[in-house]
Each structure stands twice: as structure tokens, then as C-alpha cells.
Amino acid sequence: MAGMETLHYAFDGGRALPPFAPALVGVVASGNLEVLVEPAAGTGCRIDVDTSARGFGPIWEAVLRDFHARHGLGGLVVSIHDMGATPAVVSLRLDQAISAIGGATP
Amino acid sequence: MTTVADSPWTRQRGNRAARLARASALAGVRAKTVEAGAIVALLEALIEPGDRVCLEGDNQKQADFLARALTQVAPARVHDLHMVQSVLSLPEHLDVFELGIASRLDFSFSGPQAARLAQLLGQGKLQIGAIHTYLELFGRYFIDLTPKVSLIAAQAADAQGNLYTGPNTEDTPAIVEATAFKSGIVVAQVNEIVDRLPRVDIPADWVDFVVKAPQPAFIEPLFTRDPAQISEIQVLMAMMAIKGIYAEYGVQSLNHGIGFDTAAIELLLPTYGERLGLKGKICRHWALNPHPALIPAIEAGWVESVHSFGSELGMEDYIRARPDVFFTGADGSLRSNRAFCQAAGHYACDLFIGSTLQMDMQGNSSTATLGRIAGFGGAPNMGADARGRRHASEAWLKAGREARSGLSGARGTPRGQKLVVQMVETFREHMQPAFVETLDAWKLAEQAKLALPPIMIYGDDVTHVLTEEGIANLLLCRDDEEREQAIRGVAGFTPAGQWRDRAMVERLRQRGVIRRPADLGIDPRDATRNLLAARTMRDLVRASGGLYQPPRRFRNW
Chain A
1 MAGMETLHYA
11 FDGGRALPPF
21 APALVGVVAS
31 GNLEVLVEPA
41 AGTGCRIDVD
51 TSARGFGPIW
61 EAVLRDFHAR
71 HGLGGLVVSI
81 HDMGATPAVV
91 SLRLDQAISA
101 IGGATP
Chain B
1001 MTTVADSPWT
1011 RQRGNRAARL
1021 ARASALAGVR
1031 AKTVEAGAIV
1041 ALLEALIEPG
1051 DRVCLEGDNQ
1061 KQADFLARAL
1071 TQVAPARVHD
1081 LHMVQSVLSL
1091 PEHLDVFELG
1101 IASRLDFSFS
1111 GPQAARLAQL
1121 LGQGKLQIGA
1131 IHTYLELFGR
1141 YFIDLTPKVS
1151 LIAAQAADAQ
1161 GNLYTGPNTE
1171 DTPAIVEATA
1181 FKSGIVVAQV
1191 NEIVDRLPRV
1201 DIPADWVDFV
1211 VKAPQPAFIE
1221 PLFTRDPAQI
1231 SEIQVLMAMM
1241 AIKGIYAEYG
1251 VQSLNHGIGF
1261 DTAAIELLLP
1271 TYGERLGLKG
1281 KICRHWALNP
1291 HPALIPAIEA
1301 GWVESVHSFG
1311 SELGMEDYIR
1321 ARPDVFFTGA
1331 DGSLRSNRAF
1341 CQAAGHYACD
1351 LFIGSTLQMD
1361 MQGNSSTATL
1371 GRIAGFGGAP
1381 NMGADARGRR
1391 HASEAWLKAG
1401 REARSGLSGA
1411 RGTPRGQKLV
1421 VQMVETFREH
1431 MQPAFVETLD
1441 AWKLAEQAKL
1451 ALPPIMIYGD
1461 DVTHVLTEEG
1471 IANLLLCRDD
1481 EEREQAIRGV
1491 AGFTPAGQWR
1501 DRAMVERLRQ
1511 RGVIRRPADL
1521 GIDPRDATRN
1531 LLAARTMRDL
1541 VRASGGLYQP
1551 PRRFRNW
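Protein sequences, first through last, are from chains A and B. Per this note's numbering, the first sequence starts with residue 1, numbered consecutively. Per this note's numbering, the second sequence starts with residue 1001, numbered consecutively.
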């Protein structure tokens, strides 16, 4: 999409989850985002971001690094479609998505 | 007459008499009543060059007809006026400077005109005396900024000139008292002239002239927040405020700033607050405009009293039906009073919670941004420790104990402290960080040649900073470094937040200086809009039993 920025991140050394069905949370709307979590082979955690807000790579990296440190999950791929959500909303949606696949730490 | 004017002790009265004599000779002026068409001539007869003039511009109610008339006087006759007024809201409030009618300004708030004010100042079209808080400006009306002529707005007058202000009394009593009792002149625009007023808010002998305006005075519904726009993050922060601060301190009396953050708290009291068993234990007494978002809490029996600075359009019938909660006249309608409510908010409330645009690492906050001189309004009076307070309450004592523990001498003498909470999401819209190393206010002070940066709430008055990441309790910080790290520790992914000393932030968390949602037993995933007692404007109307009638622009059904 014109004007969108695409960012890719990968984190290693996560705890692999038991098999799970893909989960989708959030909506693609202004100030919001959609998060899709799907299973993948291995222990890596790949995160692909499509965002309408250009130039925030370093903040995305910090938010996603924090997410990975919080849950420590592997064997999954996360796809994000963002429409200018704040980091607070991004973190909340990621936590909701992890809950939805049963990967939340109590 | 001659003897009065000649006495060196009664010059002001003599001058007043001369002005009144000039006015009474005009066509269209009969005793106190002035025809709308004669208003410009009246102002030219009454106002002298260099006069201090108060043009009633309140937070909500505007003397808009008189404002327009003042822009039409001949600058050759009326010039160099010193305008003293709390709010600059209408274009006319600045037109008088552009037209060479006025040259000096003392005020409190200029939100809607902030950019143009900065522009005119840059062009040398006006001089600013100072940017005040409301109580401070009202105070100066009685000391060194007493108006010579005040142009005010009321709902109705009777033939004698008694005034009924309606629910939006706001600043009127403070302005009229300062003017009328210091040989000044009061001109009132009214929407109607009636035989019998519902009640008298301003007695006739404090009023010199009354003019029926062709259009009713403009009133802005500033405090209506559509619950449909409240986000999950705001719900989360509201949960943290209720559980982590209101319940923790047992806050009984409070003021809420304007905005969606605090509207979320109001809408969570009857749901989340009820679930925590807090009804009757917190939030019983309010200094607050009649926020529609408070309706569900009132209906659920949480609220014992609300005193208001102004009113809110659409709330008239609801207020009328709830006189046990609101301050109302014998006629049934709200009596607001900005000066008294500001004093009440300052001295009689345990807590103020509000938002800001920028906060620095000392906790200073400001809504001034480059190119805009927005002023303060009431937040600094609410958001400052009341050093003159002497009555004790649980919340005030606990805050004071936390602030003074370990101190000795004068600074350790037991006393309470007001809770001043700044509630901000770490990033505002368009990804503007709310936390910054240096406030724009500093640069603005330089540009506008102000004596001090326009700081809205000083860091040493702030007791808690609440963001989606956690609550920083600044009362428990023992030095500047702890304070800075406590703020960075809740500043999220803003650059200021990422600059934190992680080890120190963790130590502050162990000590309870910083508390994360998890530390409060709050799971962010529970923060859904389902917790809001009303999720739409229509829900608010329903909660009020149909008594609340939102202005058209807030209706989408």
C-alpha cells in the first residue's frame, strides 16, 4: 500500500508452544492495529509489521523486544497491520493475541 | 456634584458621574436600558483612553455582543485599553488589539486563540502583563487590576437591572463585585428582559446599563466527552487511578480535569469501583462542572455533592431534578461560581487529577507548545498543594506522611499534602511523546519575553505520574535522581523513557515507588470498554432517565 512502511524483526531462543490455531485480534482502524499470530517451525519468533506511520522503526524495535522479553515465546510468526497505534495499544494487542493462543504466562 | 469632583478623595466617583452623564445624554439610553443600536455610542461615551476594561470572556459563557460592539468603537476616541479577562475565546477578543483599541492584556487562558495571540505579540500589537491562574486574576481584580468598565453577560434582566445569569454564572459575580464597588461601570448584555426574574444573581444597584442582545450569549459545551471515543488504554489507566490512588489514599473530595482520561474514571466508578467495594469510601464530594460522564456514578449513589465552576449545555433538566447533589437556586437551576469553585478545589479537595501535553524529567508539566500561548485556566489552582490548608483528612494526612518521612526540622513538621496526579498516555496522538527532556515552555518564554516559562503544574507539586506503564509515586522519592528515574520508569517507549537506568527503576519498583499494573493486581487484558458504565452518548441519556439532552453535535441517533 502506498505510504506504508514494512519492518521485519526476528527473535531467537523462545519457548516453543504446543500446537495452536492461528489467532487474530484488533482491527485495522485509525489509532489501532490488527495482530495475527500463526504457528511456525523452530524456536524463532518472526514479526512482520506493516504500518501507516513511517519513521518509527526504533520504537517498534523497542516495543517488540520488550514483548519478546515478556513472553519468551518461539515457534510463531506475528503479522501486524498498524494504522498509527501508540506503543501502549500495540503492547496490549500483542498480549491479547498471546492470550488467545493460550501462550500467556499467568 | 462639583464638590464631589473637586475632592481629592472622591475623584473616582466624580469620574464615574461624568461618564454616566455622558451616557445618559445619548439617544437610545433610557435610565439603565440601552437599545442594541446605541451600544457602540454607549461604549464610546463610557470608556476613556487607557481604561482597564473587563470584557467577560469566561471558560464557557461569552459577552459576545459587547465584544463585537467594542471592536466597532472609533480608535481615535477609545484606545490604549488594558484588557483584563479570564479567557480569550472569540476572534473579537484579539481584534481589539489588531484595531488599535487595546494595547495591554492580562488574562488566564486563550486556548482557541493561542496561535493568533502569539502572532500578535510577535508583531508588537500588544503587551502581555502576565498569564494568570483564575483565582490569581480574580484576586488582582481587587488589588491592582480593578476594572474601570466591565462588559458582562447574563441570561435575563428585569426593568430595575437585576440580573439572572442562569446556570452559567461563572465569573460574573467576581467581575461585578470588583467593578461596582470601586466606582467602576458595569454594562450587561442579556438574552431577554422580563417582568420577573427566576432568581437574582446580581442585584440591580451593582449594574449600570442593560442591553438586550440580538442573539443569545454564546456558550460552549466544553466538558462533554463522548464515551464512544474512550480507548482501552484510557480504561486501563482509569482502573489504575481508582485502585492504585483513589482506594489507596481513601480520596473523598476531588476535582477532575477535562478530557477522556478522567471521563473514563467517572464511567468506571459504578462498575469497576463497585466491584472493588469502594462505593461510599471514595469520590463523595466534587468540585466539578456538571460532566455528563458523571451521570452513571450519580445515579448509582456514589456522589453526595458537586459544586461547579460553570455549567454544561444539555445538563439543565438533569441538574434541576438532582438538587440534593448540585447547588441550585430556589428557581431550580444551577448556580455556578468560578471563583468559589476554584477556592473550593484548591482548599477543600484531597486530589486533583488531570492531563497535560508535555512533562519533563522534573515532573514540570505544560500545555504551552511553540507558536501557541495557551495560558493556564484553573489547573494550577487545582493542581497545587494548598499551603494554607489546615483541616485533616485521611488522604491528605497519608500524602503528607509519605512526603515527610525521614525529614527533620521545618521540612519534617507534620502536615498533610494535596494529591496532584498527572495522568498521561506516554504517546499522545500522532506519536507525540508526552515525556520530554525540555519543555517547549522554555523556548516560548524566550520568544514571548516572559519572566518565567509558562509551567502549568510545577514538578514539586506533582505527587503521582500515571501512565499506561505504571504509577510513579513521587512522594516517596528522596532525591532528584530518584524522582527523575521514577518518571522515566513510567515514560514507556518515549525517548525519555528508554533513557532510564533500568537497575534503579527496578529498585524503585521493589520499594513501591513505581507500581506496574501487575503490582496493583490489574491485568491489562481486562481493560475493555465493556467496563464503561456508558459506552455511548445515548447510554448517558438513558442513564439520566432522559433528563440529559446533549447538544445536537453530540447526537448520532
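Hints listed in this document are in silico derivations from the structure and should not be mistaken for laboratory results. The C-beta atom is built at its ideal place from N, Cα and C for all residues, glycine as well. Any given hint could be a false lead.
Now the in silico label distances, taken between C-beta atoms and shown as ranges [unchecked claim]:
| hint | chain 1 | residue 1 | chain 2 | residue 2 | range |
| --- | --- | --- | --- | --- | --- |
| 1 | A | A16 | B | R1415 | 56 to 62 Å |
| 2 | A | R65 | B | L1407 | 36 to 42 Å |
| 3 | A | A16 | B | R1529 | 31 to 37 Å |
| 4 | A | E5 | B | E1402 | 44 to 50 Å |
| 5 | B | L1222 | A | A104 | 27 to 33 Å |
| 6 | B | R1555 | A | A104 | 50 to 56 Å |
Range hint 31 to 37 Å (beta carbons of A:A16 and B:R1529) holds or violated: For B:R1529 against A:A16, whose Cβ atoms are near 34 Å apart, the range 31 to 37 Å holds.
Kindly confirm whether 36 to 42 Å is satisfied by the beta carbon distance between A:R65 and B:L1407. Between A:R65 and B:L1407, where Cβ atoms are some 40 Å apart, the hint holds.
If you check the beta carbons of A:A16 and B:R1415, does the distance land in 56 to 62 Å? Holds: the Cβ-Cβ distance is about 58 Å, inside 56 to 62 Å.
For the hint 27 to 33 Å, verify it against the beta carbon of B:L1222 and that of A:A104. About 41 Å separates the Cβ atoms of B:L1222 and A:A104, which means 27 to 33 Å is violated.
Could you check the hint for me, namely that B:R1555 and A:A104 are 50 to 56 Å apart, CB to CB? violated (41 Å)
Outcome for the supplied range 44 to 50 Å, where the beta carbon pair is A:E5 and B:E1402: holds (45 Å)
Of the numbered hints listed earlier, those contradicted by the structure are 5 and 6.
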